[in-house]
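K.L.:
So the chains spell out like this:
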Amino acid sequence: MQTNILYRPSQSLAQVWLQPGESVMAETGAMVGMTPNVTMQTQAGGVGKGLMRLLGGESFFRNTFTAQGGNGEVLFAPPLCGDMAVLECGMQQWVMQSSAFVASSPTIEVQTQRGGFKGLFSGAGLFTLATQGQGQVIVGAFGALEQVNVDGSMIIDTGHLVAWQSTLQYTVGKSGGGWIASFLSGEGLVCHFQGQGVVYLQSRNASEYGQAVGAMLPAREA
Amino acid sequence: MRNEIRHNPDFGVIQVTFDQPGEQVVTEAGAMVARDNAIQMQTNLQGGLGAALKRKMLGGESLFQNTFTATAPGQTLWIAPAPEGSVQVIELQPGMEIFLQSGAYLASTPGVQLDTKWQGAKGFFAGGLFLLRAHGQGLLWFATYGGCHTVDVGQQYPGYICDNTHLVAFSQGLNYQVQRLGGMKSLFLSGEGVVCSFQGQGRLWVQTRNPSSLANFLHPFRPVKSNRS
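Here the protein sequences line up with chains A and B, keeping their order. 31 is the number that our numbering gives to position 31 of the first sequence; each next residue is one higher, with no gaps. Convert by adding 1000 to the 1-based position in the second sequence; the result is the number in our numbering.
Hints listed in this document are in silico derivations from the structure and should not be mistaken for laboratory results. Note that the structure is predicted; figures quoted are calculated from it, not measured. This list has only true hints and no planted wrong ones.
Some, not all, of what chain A presents toward chain B, calculated at C-beta under 8 Å:
(1) 6
(2) 32
(3) 211
(4) 213
(5) 215
(6) 217
(7) 222
Below are the SDA-like pairs computed for lysine to any residue, each with C-alpha atoms no more than 25 Å apart in a straight line:
(8) B:1225 <-> A:220
(9) A:174 <-> A:212
(10) B:1225 <-> A:208
(11) A:174 <-> A:152
(12) B:1225 <-> A:216
Glycine included, every Cβ here is placed at the ideal spot set by N, Cα and C.
The shape of chain A in the complex, shown without the other chains (with noise of 0.2 Å):
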């Protein structure tokens, strides 16, 4: 699997090559064309996994496209505009936050963290998706991708999240002194990060935005 990311960094398109008989995975909608000696599947990979991924944020399944009889090609976007980067794993494994998922090697799986405390607590989606074994994951961000190297500690909207190296360890909390203080400064909930590695954080906050795009439209039904 060979990807080129394309029309960065707003409009970014990835494009996937796959040799005879590989295979991608990506999330539900993120196709945008192919080659038609690509076919597709649908899977939830067993109930449990599939519910764990509903819980994530992300769809209940999984798209599956295998190049059949010779090389294919893939395009895969995310919803809303913005930024894409290619993880390697192997050496490093990453954790996401599940929003950001586009689409993984098969030989790298990408399993649905039990967010427990942590994952419920921030309320703003984190529930993150973790790599493990060897090849690339795709991740999109809303907005402009900024990479960080932390070197100690550093504090981190959950909003602007994208991933980070699995070396970092990380705590779900408030931003200012007090929950009051925390809740008023709008700043809601921050990932403390402690350790080295590096963090790909988006520009802009999708929760945020729909917030404030979203109220100004006419009401819908319950």
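Once you have looked at the hints, place chain B on chain A.
P.N.:
Just chain B, lined up with the frame of chain A:
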């Protein structure tokens, strides 16, 4: 007439500079950004009421089009589409045909004719795949939501499958079939709707985003109607 497209792929805009008086550009209603004071503007139903109505009903274009006519050399006209994204230009030659997904048309020179081509039942079931056919001679401008990716079918690729919501335009020489991907399970669960499968020789223009994804994202953020109980 010279034309320059700037600020692609995010906020594409066309700048037309007229060389001679009498040169004309026809645009979709509301597409003008700015123009020299002396450029004449005329609003009309292109091709008469019947053709305009058909374009509106079937092609998703507005009923009216504006014709801008230069009165002196060097006058400038700026044109832009409503949503963000990129703008493309095609130089049409006699014998060429371009099929545009409804709503993609932006502007053209008077030698370009537009009509709606009835796509038959396959178009009807494809979830709004009504196509506008452009032919004749001149320049044709169209807009894409997001970036614009081109695929040359017949040369680089023996065929190509494109998601309907990402399809913007294709040239003559391409045949297509509307399909659903995968088996019965995929029909409802894959999140991949209807696709067009292209074959033959020609070019395909694909947009890297689609407005319905944005609408779907925003929907849950809408305020909820209170119950009248």
